[in-house]
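**Q** Given next are the chains, with one letter for each unit.
Number of protein chains: 2
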Amino acid sequence: MLLDTIDGFIIDLDGTVYRGATAIEGARETLSYIRSRGKKVVFLTNRGNYSRRMCREKLNAMGIQAAEDEIILTSTVTADYLRNAAPASKCWLLGDEGLREELSAHGIGLATTPEEAEWLVITLHEKLTYAELNSAFRAVRNGARIIATNEDKTFPGDDGESIDVGGLISAIVSTTGQEVSVVIGKPSAYMSNAALRSLDLPPERCLVIGDSLNSDIRLGKQAGIRSALVLSGSTTRAIGEASEIKPDYIWESIADLQHF
Amino acid sequence: MLLDTIDGFIIDLDGTVYRGATAIEGARETLSYIRSRGKKVVFLTNRGNYSRRMCREKLNAMGIQAAEDEIILTSTVTADYLRNAAPASKCWLLGDEGLREELSAHGIGLATTPEEAEWLVITLHEKLTYAELNSAFRAVRNGARIIATNEDKTFPGDDGESIDVGGLISAIVSTTGQEVSVVIGKPSAYMSNAALRSLDLPPERCLVIGDSLNSDIRLGKQAGIRSALVLSGSTTRAIGEASEIKPDYIWESIADLQHF
Numbered sequence: 000m001l002l003d004t005i006d007g008f009i010i011d012l013d014g015t016v017y018r019g020a021t022a023i024e025g026a027r028e029t030l031s032y033i034r035s036r037g038k039k040v041v042f043l044t045n046r047g048n049y050s051r052r053m054c055r056e057k058l059n060a061m062g063i064q065a066a067e068d069e070i071i072l073t074s075t076v077t078a079d080y081l082r083n084a085a086p087a088s089k090c091w092l093l094g095d096e097g098l099r100e101e102l103s104a105h106g107i108g109l110a111t112t113p114e115e116a117e118w119l120v121i122t123l124h125e126k127l128t129y130a131e132l133n134s135a136f137r138a139v140r141n142g143a144r145i146i147a148t149n150e151d152k153t154f155p156g157d158d159g160e161s162i163d164v165g166g167l168i169s170a171i172v173s174t175t176g177q178e179v180s181v182v183i184g185k186p187s188a189y190m191s192n193a194a195l196r197s198l199d200l201p202p203e204r205c206l207v208i209g210d211s212l213n214s215d216i217r218l219g220k221q222a223g224i225r226s227a228l229v230l231s232g233s234t235t236r237a238i239g240e241a242s243e244i245k246p247d248y249i250w251e252s253i254a255d256l257q258h259f
Numbered sequence: 000m001l002l003d004t005i006d007g008f009i010i011d012l013d014g015t016v017y018r019g020a021t022a023i024e025g026a027r028e029t030l031s032y033i034r035s036r037g038k039k040v041v042f043l044t045n046r047g048n049y050s051r052r053m054c055r056e057k058l059n060a061m062g063i064q065a066a067e068d069e070i071i072l073t074s075t076v077t078a079d080y081l082r083n084a085a086p087a088s089k090c091w092l093l094g095d096e097g098l099r100e101e102l103s104a105h106g107i108g109l110a111t112t113p114e115e116a117e118w119l120v121i122t123l124h125e126k127l128t129y130a131e132l133n134s135a136f137r138a139v140r141n142g143a144r145i146i147a148t149n150e151d152k153t154f155p156g157d158d159g160e161s162i163d164v165g166g167l168i169s170a171i172v173s174t175t176g177q178e179v180s181v182v183i184g185k186p187s188a189y190m191s192n193a194a195l196r197s198l199d200l201p202p203e204r205c206l207v208i209g210d211s212l213n214s215d216i217r218l219g220k221q222a223g224i225r226s227a228l229v230l231s232g233s234t235t236r237a238i239g240e241a242s243e244i245k246p247d248y249i250w251e252s253i254a255d256l257q258h259f
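Going down the list, the protein sequences come from chains X and F.
Just so we're aligned, residue 0 is where the first sequence starts under numbering that gives the first Met the number 0, counting upward by one.
Just so we're aligned, residue 0 is where the second sequence starts under numbering that gives the first Met the number 0, counting upward by one.
Accuracy of the hints is not assured; some may be wrong.
[Said to hold, decoys possible] Stretches of chain X that chain F covers, calculated by requiring three or more beta carbons in the stretch to come under 8 Å of a beta carbon on chain F:
#	segment
1	134-140
2	148-161
[To be verified] Under the rule of at most 25 Å between Cα atoms (straight-line distance), these lysine to any residue pairs were calculated in the SDA-like manner:
#	chain 1	residue 1	chain 2	residue 2
3	X	Lys-126	F	Glu-114
4	F	Lys-152	X	Val-172
5	X	Lys-126	F	Asp-79
Everything labelled a hint here was simulated from the structure, so no lab data went into it.
The beta-carbon is built from N, C-alpha and C at its ideal position, and this holds for glycine as well.
Assemble the whole structure, with the sequences as input and the hints as a guide.
**A** Encoded structure:
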C-alpha cells in the first residue's frame, strides 16, 4: 500500500489544495485522513506575496488544519537564503505586503531608499504602481542584486490567467541590463531542501503532490522524491501523460490519495 | 550662413527645449528668432503619453509659441499608422491619459474589453497599476498585436532617471511570447516622414536639433537631414564626439543656433 511507504507529504497549494478562495473537493478530508495515519505534512508553494500567517489563516478558514511551521512559501525560503548568504544586507522589496511581513519576521534588514539597497527582492505584486516599479528599477540601477521568489510567467487568478512575477522581472532586467542573481521557487533545491529539512525525513520516504509538471513534479525528480500530479489545477491529463517529466502517479485530485 | 540654407527645423523637446517643467535657457528667444526669419518649425518627440493639446499648453506656459499642428508626438504618428494600416481596428491602450486623447482625436476605435482588442498600444504610463498591466497582458494573450510608441528604456524624470516604455513592453512580451509588431518612435522613418510632410520641405532644406544620438541624430542620418546635437539633455560632449553617429554640429544648447 502506497501510504505504508510514505512518512511525509510535500503538498502544493494553488490548484492542489484550493483554487482561489475555495478548497478543492475532498482536500480537507484527505488531509485529515493522512494526519490520522500519523503522517507529516508540509505545504510548499511558489507564492511569495503572502506570509505564513496569512496562509495559515486562509487554510484554517477552509477548515484545513495547518501550523505556521508546516507552511513553506518562497518568501520564507528567500528570507532564509538572505539570512545565510547575505547577512546584514539591506533589501528593497517589490511585492505585496505579505513579502514584507515574512522577511521582517525573519529579521531581514530593509533599506529606507532604493539607492542604498544591496538586494532587490521581487515577488508577485497585485497592487503594483508605476512609482513602485520605478523605485525597484532605481535600486538595481544603483547596484542592488536581484533575487526573485519565483519566475512564473502567469498564474491562475480569480478572474482568469494573470501576469505573474516573470513580467515584473523582465521589466527590471530589460531596462537595467542586470540579470537575476537568484531564483528561489520550485523546482529549485532551495525549496526541496527546505521541505525535507522541515519534515526531517529522507527523500525516499516522502511524496510530492502538485498540479505543475514544471514546478512540483520536476522538483520531485531532481530531489529523488516520488511525485503525484493532480489534474485539479493547471495541467490536463493529456499534457500530464505526454510530458517528458514523468510523475509516479496521475490523480484527478488529492482526494485520490485515499484510494491508495 | 547656416540659417540661409535651412527652411525648416525639426526640434526635439525633452532635453532640447525643456527639462521637466523648465525651459532651457535661451530656447524661447532662439525659437522666436528663427520664426522672425520666416523659418518653419515642427516639434518632434518620442513622448506618446500626452496629447498635442497638452504639449502645446506646456510650451505656451513657458512663453514658447506653438500651434498644435506644429507638434508631432509618437502618439500622433501611432494614430496615423493605425488609421492607415489597420482602419476600423479596435485598440486597447496601456499608457497615460494623453495617449487616449490623441488616439480619440484621430478617430481610432477603442476596444471595451482586452479580449476583443486587435491591437495593444503601449506608451509610457506613470500611473500604471497591476490591474492595467494585467489587462494589457490579457489583450495580447487573446491575440492583440503590439504597437509601441517608442521603446526607450529610461527617460530623465523630474526626480532622476526613470523606467520607460521599454520595461512595460518587456513585461508583456516575456509573459505572452508575442513580439512587438511595430515601434513608431525616432529614429524611425515614420517619424521623419511625418515631420517632413508637416513642413512640406525636402530633407536637404531642413535641420534636426536634439539631445539624443540614437533618436535624433540617427533619424537625421537615415532621412538625409542635417543634424545638430545639443548637450543640454542626455548626451555629454565626450560621448557626442566619440560616437559613430556623427552630427553635423555639436552645440551646448539650442541657443547656439543664433551664432550661425
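**Q** None of the hints should be skipped; say for each whether it holds.
**A** Hints, verified against the model:
For the segment 134-140 of chain X, the assignment as covered by chain F holds, since 3 residues bring a beta-carbon within under 8 Å of that chain's beta-carbons and 3 suffice. With 6 residues having a beta carbon nearer than 8 Å to a beta carbon of chain F, the segment 148-161 of chain X meets the requirement of three or more and the stated coverage holds. For the proposed pair X:Lys-126 and F:Glu-114, the alpha carbon gap of about 22 Å is at most 25 Å, so the pair holds. A C-alpha spacing of about 10 Å is found between F:Lys-152 and X:Val-172, which places the hinted pair at or below 25 Å, so the restraint holds.
Restraint check for X:Lys-126 and F:Asp-79: not satisfied, since their Cα atoms lie roughly 34 Å apart, outside the 25 Å limit.
Violated hints amount to a single one, hint 5; each of the other numbered hints is respected by the structure.
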